[in-house]
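Chains as they are written, first to last, in our numbering: chain B, 2 to 362; chain R, 79 to 494.
Read the hints as simulated data drawn from the structure, not as lab findings.
Be careful, since some hints might not be right.
Listed next, with one range per pair, are the computed distances between beta-carbon atoms [said to hold, decoys possible]:
1) B/H164 x R/L465: 20 to 30 Å
2) R/S374 x B/C166: 38 to 48 Å
3) R/A298 x B/V214: 49 to 59 Å
4) R/I174 x B/A75: 53 to 63 Å
5) R/Q483 x B/I148: 34 to 44 Å
6) B/D190 x R/I174: 40 to 50 Å
7) B/G99 x R/D434: 45 to 55 Å
8) R/I325 x B/D190: 33 to 43 Å
9) R/S374 x B/F59: 29 to 39 Å
10) B/D190 x R/P90: 42 to 52 Å
None of these values were measured; they are calculated from a predicted model.
We treat Cβ as the ideally placed atom computed from N, Cα and C, and that holds for glycine.
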Amino acid sequence: MAIDTKNDLALAEPPQAAAAAAATPSRMTMIQALRSAMDVMLARDPNVVVFGEDVGYFGGVFRCTEGLQAKYGAQRVFDAPISEGGLVGAAVGMGAYGLRPVVEIQFADYFYPASDQIVSEAARLRYRSAGDFTAPITLRMPCGGGIYGGQTHSQSPEALFTHVCGIRTVMPSNPYDAKGLLIASIENDDPVVFLEPKRLYNGPFDGHHERPVVPWSQHPLAQVPEGHYTVPLESARTARPGRDVTVLAYGTMVWVSEAAAAETGIDAEIIDLRSLWPLDLDAIVTSVKKTRRCVVVHEATRTCGFGAELLSLVQEHCFYHLEAPIERVTGWDTPYPHAQEWHYFPGPARVGAALRRVMEP
Amino acid sequence: MKKRQPLRLHVPEPSARPGQHTDFSYLHLTPAGEARKPPIDTTPAQTADLADSLVRVLDDKGRALGPWAPKADAELLIRGLRAMMKTRAFDARMLIAQRQKKTSFYMQSLGEEAIATAHAMALEPGDMCFPTYRQQGLLLARDDVSMVEMICQLMSNERDPLKGRQLPVMYSYKRAGFFTISGNLATQFIQAVGWAMASAIKGDSRIASAWIGDGATAEADFHTALTFAHVYRAPVILNVVNNQWAISTFQDIAGGEATTFAARGVGCGIASLRVDGNDWLAVLAASRWAAERARSNLGPTLIEWITYRAGAHSTSDDPSRYRPADDWQHFPLGDPIARLKQHLIQLKAWSDAQHDALQKALEAEVLAAQKEAEVHGTLQDGHIPPLASMFEDVYKDMPPHLKDQLAQLEAEHHGH
Chain B
2 MAIDTKNDLA LAEPPQAAAA AAATPSRMTM IQALRSAMDV MLARDPNVVV
52 FGEDVGYFGG VFRCTEGLQA KYGAQRVFDA PISEGGLVGA AVGMGAYGLR
102 PVVEIQFADY FYPASDQIVS EAARLRYRSA GDFTAPITLR MPCGGGIYGG
152 QTHSQSPEAL FTHVCGIRTV MPSNPYDAKG LLIASIENDD PVVFLEPKRL
202 YNGPFDGHHE RPVVPWSQHP LAQVPEGHYT VPLESARTAR PGRDVTVLAY
252 GTMVWVSEAA AAETGIDAEI IDLRSLWPLD LDAIVTSVKK TRRCVVVHEA
302 TRTCGFGAEL LSLVQEHCFY HLEAPIERVT GWDTPYPHAQ EWHYFPGPAR
352 VGAALRRVME P
Chain R
79 MKKRQPLRLH VPEPSARPGQ HTDFSYLHLT PAGEARKPPI DTTPAQTADL
129 ADSLVRVLDD KGRALGPWAP KADAELLIRG LRAMMKTRAF DARMLIAQRQ
179 KKTSFYMQSL GEEAIATAHA MALEPGDMCF PTYRQQGLLL ARDDVSMVEM
229 ICQLMSNERD PLKGRQLPVM YSYKRAGFFT ISGNLATQFI QAVGWAMASA
279 IKGDSRIASA WIGDGATAEA DFHTALTFAH VYRAPVILNV VNNQWAISTF
329 QDIAGGEATT FAARGVGCGI ASLRVDGNDW LAVLAASRWA AERARSNLGP
379 TLIEWITYRA GAHSTSDDPS RYRPADDWQH FPLGDPIARL KQHLIQLKAW
429 SDAQHDALQK ALEAEVLAAQ KEAEVHGTLQ DGHIPPLASM FEDVYKDMPP
479 HLKDQLAQLE AEHHGH
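Using the sequences and the hints given, assemble the complete structure.
Shown next, in the form of structure tokens:
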């Protein structure tokens, strides 16, 4: 799969191609961009409905659905009982009816009661019925740490989804991608798990928790068109072009890796995967063959994490091009702690150390 | 300190095991014709008595009694009888096919045929059932689903509409209002509620009918379904088929001891009935009542159907190891086919001779369908769907990694 050049945005460039197609861009946080995506789709497609815990009148605990019930009514945007299995099970039934439900799981940490409905039902409905029934549903889930959420509000369970055939797993790193990927997910006919790094909701957090928060308003990727556009699934983005080493990252770790590159002075090429599975393998292979080095970064626990799959793929496709062992920077294999959060979180220092190691002659 | 008795865990046991006689008094039956019939706009709380008693129409003499006796002419009743007999003949034949290894697995619905076949006749085109693996009667009650095609699914052959991906009996028939069967229990119950919510969101008039066994009501999805159905007043019928046994566990292990599964519905604010599931007329009447409620925007109805799983759970099960072998002969609600036959004979609309002739005709029809299906292969003879279909429909469009894996399999298959 080739990199979609239209959406292969360099950091400093505004999304001009899309801006031309849609209405005037305006500055949005990731929360506003996600809300705008749902707003656009609720307006365009009468089969789109939005529901979840606290998403109706109140507009969601992170405010992503604020104002949507007032605009589209309680038949299309509504509160649901505290039952993730029920949310997803009902969404599967709605999808089979012909709707395109967008479900908010309040925290990714809460999806476990819905595992059977995701793994055995949504993911396999098309397969087991030979296309008789499908589940075109989108499951939004805030994920990741950095907000002192402790072990039940900080997890990154993406590998639990990428392991399941039949699901698409997506994670944006900025407002522009968040809106374009969410619209693409809602329009996609496969079930999509849409993971939202909650630490990025209000700014491009690079792991420097000791510094003042940088808001999205100062960032070019916060220029988001008001109207409809998509960022294609299965397409990675080169977040930072470079020559020395390829960094494979997604979500918050894209910004942490950028900080690490800046602080080490190592000319890293940072690939923001955006779609975890199915994956833009060509973008990865092309970059690693060019730089001949690779570091994989994710916030989730290490063992059997998605990084293990990335390492295997790079090894299978680029072994004879590599000049150093592939490195992995991840969270520790422990539950996400509360007080020790910043010692758990893979910050720029940990990523920078890995970059230095792979650059050693 | 006061000395207390040691605590003791209660593990329910059925009244009889192999070689003994079951005491069926736990079913606490209500005489035919006695249960009252409320208006469809009754409040759920007012159905508490009906969730505890038993709606019955046919008495032991084959008479149709009481307010639930449905408007049904002899022609409809004969259709019902035929559907039940067809289902039983189909099951009997497919059990033989399984022993012949033409199919890997089968699940019969012996003794429970009234529930699915009568329910099917209370629904309308466009409605959707979310069945378990023992509602083949929903399909066999229809004339627009060919037995040949069903048998092709059972034999996983080249004409299997599900391309060999599913266990036998896990049919999918969207066009016949039959949702794809999962195999993981209870998942369909909440999905049915979601489907019904979608119909309400769209302002359509279609209703859903969810199915579950007594055993699987212990799953979270059952309770979730009741909550969602109540909260959103979803146009759905929530059917609990209580056939007393979940493989080897008696209904008390699922939580049926000293209560009813219908009572769960009342507790959730849902109008609920407990109905004689071996009484074709009672099933038709209760299903019509629930469907009318759903279609009138009055919300869900939970119906517990009392029946008995006369056969083994599946072809992999041997019930003689855990329950009395002659239990079904003593089950107080009898055989649904014999009871409807008795009623039709009493109406002078049917005779033993007609019954025998129909039985022979149905057996011949099933046998002919099997022969036609076998032309397209059986699991045993290797005429299975193409290997490439294994990789299709995982996603709508095949992603690159699956194209690669398909190429690898094809290379392997061609002996590279």
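Tested hints:
1. Our hint of 20 to 30 Å for B/H164 and R/L465 holds, since their Cβ atoms are close to 23 Å apart.
2. Between R/S374 and B/C166, the C-beta spacing of about 43 Å keeps the proposed range 38 to 48 Å intact.
3. The hinted window of 49 to 59 Å between R/A298 and B/V214 is violated, with their beta carbons roughly 40 Å apart.
4. Between R/I174 and B/A75 the Cβ separation comes to about 55 Å, which falls inside the hinted range of 53 to 63 Å.
5. In this structure, R/Q483 and B/I148 meet the distance hint of 34 to 44 Å, their C-beta atoms being roughly 39 Å apart.
6. Checked against the given bound of 40 to 50 Å, the beta carbons of B/D190 and R/I174, roughly 41 Å apart, stay inside it.
7. Checked against the given bound of 45 to 55 Å, the beta carbons of B/G99 and R/D434, roughly 47 Å apart, stay inside it.
8. A hinted range of 33 to 43 Å for the beta carbons of R/I325 and B/D190 is consistent with their spacing of about 37 Å.
9. At about 32 Å, the beta-carbon gap between R/S374 and B/F59 stays in the expected band of 29 to 39 Å.
10. A C-beta distance of roughly 46 Å is found between B/D190 and R/P90, which places it inside the suggested range of 42 to 52 Å.
Hint compliance for this structure: hint 3 is the single one not met.
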